[in-house]
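*Asks:* Numbering (UniProt numbering), first residue to last: 1 to 514.
Among the clues, some could well be false.
What the hints assert, rightly or not - Now the in silico label distances, taken between C-beta atoms and shown as ranges:
#1 Asp-488 with Gly-17: 24 to 30 Å
#2 Lys-85 with Phe-340: 51 to 57 Å
#3 Asp-274 with Gly-170: 43 to 49 Å
#4 Thr-204 with Leu-501: 48 to 54 Å
#5 Phe-340 with Arg-374: 25 to 31 Å
To be clear, the hints were calculated from the coordinates, so they are not data collected in a lab.
Built from N, CA and C at the ideal position, the CB exists for glycine as well.
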Amino acid sequence: MRFEQNLTGKILDPIHGIIRLTELELAFIDHPLFQRLRNIKQNTFLYKVFPSAMHSRFEHSLGVMHLSYEILNNMGVNAHRYEKKYKDNLIYTGLTELPVHVVQELRLAALLHDLGHGPMSHQFDSFMFSKEDFQEFFGSDFPEIAALIKDGKSVEHEHISLLFIKAIYGSLAKEQQSEVNIDNVLAIIEKDFKSDNVCLDIETEHGSLNILPLLTSIISSCPIDADRMDYLLRDSYFSGVKCGIYDHNRLFMSMVPVQWNGGIYLAYKESGLDSIVEFINARANLFGQVYYHKTNRSFSSMLSKVCNLAKQASPDVDLFDFTLPSDAEKTSYLEQIQDFYENNSDDYFLNEQLAVAIQGNDVATEVNNDIVHRKPWDKVYESKLFPECLSITDVINQKTIDDLKLAINHMIIVQGIDGKRFTIDVMTDNAFKDIAKTEIKLLEKQLDGKYSIKAFKDSNEKLSRYQSIKCFIRIFAHHSISERFDMDLVGQIEKCKVEFLQQHSLVYSDSNRN
Numbered sequence: 001m002r003f004e005q006n007l008t009g010k011i012l013d014p015i016h017g018i019i020r021l022t023e024l025e026l027a028f029i030d031h032p033l034f035q036r037l038r039n040i041k042q043n044t045f046l047y048k049v050f051p052s053a054m055h056s057r058f059e060h061s062l063g064v065m066h067l068s069y070e071i072l073n074n075m076g077v078n079a080h081r082y083e084k085k086y087k088d089n090l091i092y093t094g095l096t097e098l099p100v101h102v103v104q105e106l107r108l109a110a111l112l113h114d115l116g117h118g119p120m121s122h123q124f125d126s127f128m129f130s131k132e133d134f135q136e137f138f139g140s141d142f143p144e145i146a147a148l149i150k151d152g153k154s155v156e157h158e159h160i161s162l163l164f165i166k167a168i169y170g171s172l173a174k175e176q177q178s179e180v181n182i183d184n185v186l187a188i189i190e191k192d193f194k195s196d197n198v199c200l201d202i203e204t205e206h207g208s209l210n211i212l213p214l215l216t217s218i219i220s221s222c223p224i225d226a227d228r229m230d231y232l233l234r235d236s237y238f239s240g241v242k243c244g245i246y247d248h249n250r251l252f253m254s255m256v257p258v259q260w261n262g263g264i265y266l267a268y269k270e271s272g273l274d275s276i277v278e279f280i281n282a283r284a285n286l287f288g289q290v291y292y293h294k295t296n297r298s299f300s301s302m303l304s305k306v307c308n309l310a311k312q313a314s315p316d317v318d319l320f321d322f323t324l325p326s327d328a329e330k331t332s333y334l335e336q337i338q339d340f341y342e343n344n345s346d347d348y349f350l351n352e353q354l355a356v357a358i359q360g361n362d363v364a365t366e367v368n369n370d371i372v373h374r375k376p377w378d379k380v381y382e383s384k385l386f387p388e389c390l391s392i393t394d395v396i397n398q399k400t401i402d403d404l405k406l407a408i409n410h411m412i413i414v415q416g417i418d419g420k421r422f423t424i425d426v427m428t429d430n431a432f433k434d435i436a437k438t439e440i441k442l443l444e445k446q447l448d449g450k451y452s453i454k455a456f457k458d459s460n461e462k463l464s465r466y467q468s469i470k471c472f473i474r475i476f477a478h479h480s481i482s483e484r485f486d487m488d489l490v491g492q493i494e495k496c497k498v499e500f501l502q503q504h505s506l507v508y509s510d511s512n513r514n
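Work out the full structure, taking the sequences as your base and the hints as a guide.
*Replies:* As structure tokens, then:
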């Protein structure tokens with residue numbers, strides 16, 4: 001049975017038109033843990049700059065699922081066209097005959113990849129509990145997820161996504177559960193997820209091939225994936241800024257599945273590089289004009305200040321407040337964390353949950369009120385850095401960024417300026433972010449007209465001219481002290497930055513990363 005016959009449901013989307021759904025997907029969508037994404041904005045404060053940017057992670061998740069399926073289908077068609085022309089056995093031609101459950105597992109992974117995002121998006125991560133706490137509360141039931149959390153690190157939203165997927169799956173009827181291997185779904189989202197139940201080997205006439213690298217790359221890879229493809233179009237549309245537009249059909253035409261070293265991988269034909277560059281430029285333009293807008297960044301940095309002040313005042317602040325389940329109170333730890341996430345929308349977290357956490361902290365409360373009532377802090381300093389002579393594996397040195405912020409912060413404080421009344425915001429962007437860990441390939445055309453497979457990250461000679469790294473440094477200050485940042489102080493800040501960067505490298509090569 002072809003998978004299309006299962007697509008009996010539909011939702012109308014302003015970006016992609018009709019998005020068709022299976023009954024199993026609808027069961028996941030109708031669960032409260034997924035419905036809560038309606039109340040989590042895709043871009044936390046963007047609506048305070050672009051009023052129509054009220055779209056949520058709910059519709060974005062639907063869009064990623066739709067595009068993932070489109071990519072898979074187009075690669076299936078492209079594979080047959082390529083193989084008919086070249087007959088070089090580089091291409092895997094079986095995508096159109098994939099088992100129904102594999103297609104469904106890809107779509108579910110795409111649909112659910114953002115399921116664990118908390119309110120206020122990444123700012124909420126500062127309140128996440130530790131690996132030790134996760135191990136205590138959930139480790140016995142979900143050891144494979146606990147194993148993904150690095151020692152000494154906090155839980156991240158990706159881990160919560162996997163936890164909630166398991167929770168929804170566990171609530172389904174046995175008949176629905178039998179349609180997919182849920183551990184396959186988790187492995188597609190997080191390739192480091194290890195379980196004896198994961199099985200994504202495809203049998204061919206030449207032996208078994210692992211299709212996991214292909215499925216993972218469809219949803220998350222550099223420089224293009226279904227996630228990026230959707231949010232560029234969606235954020236551009238809802239912000240009203242027409243600079244995230246690209247030709248997705250041209251991208252679809254350049255994608256092919258290749259078989260290499262026992263696996264099936266997503267590859268781009270060399271002839272499609274212009275389309276890739278168009279996408280990279282569209283993304284760069286949207287970052288510059290929308291995501292990095294000074295008012296958007298002002299509110300984001302103010303929220304970070306509130307969170308930091310809350311943590312400084314009460315280092316052990318615990319928003320989750322897990323209670324030991326008892327015979328009388330049959331609420332498990334899993335149910336408690338579900339309830340917390342279902343109850344905490346963006347607005348509720350900002351106006352209620354966070355307000356309680358900072359109660360008694362007058363400065364944090366004032367900053368939080370400024371956010372709620374749209375009173376952005378003034379931009380008193382800005383510097384834009386564009387490193388040159390880059391390779392595609394160059395990345396921003398985060399330690400340099402952190403140390404630079406500390407140096408500037410110290411220099412300002414010694415001038416007698418209250419550190420609670422200003423914030424240093426550093427935003428970076430890398431056109432080829434995460435290229436060192438991507439598994440996608442490039443089909444490189446040789447002089448004899450034939451193709452060879454090359455790792456995308458090893459294609460610097462063809463792609464380095466399109467590499468760009470940006471670093472925007474801004475300082476925002478409360479209006480009561482903004483006049484203190486006069487030309488003399490701004491000049492000192494600039495001198496501090498220049499002297500620091502003369503001694504520390506802003507970028508480094510990540511080419512040896514596994």
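*Asks:* All hints are to be evaluated individually against the structure, with a verdict given for each.
*Replies:* Hint-by-hint comparison with the structure:
One distance hint, 24 to 30 Å for the beta-carbon pair Asp-488 and Gly-17, is violated here, with the actual separation near 57 Å. The hinted window of 51 to 57 Å between Lys-85 and Phe-340 holds, with their beta carbons roughly 55 Å apart. The hint said 43 to 49 Å for the Cβ distance between Asp-274 and Gly-170, and at roughly 47 Å that hint holds. For Thr-204 paired with Leu-501, a C-beta distance near 53 Å keeps the hint of 48 to 54 Å intact.
At roughly 27 Å, the beta-carbon separation of Phe-340 and Arg-374 lies within the given 25 to 31 Å, and the hint holds.
Of the hints listed earlier, the one the structure fails to meet is number 1.
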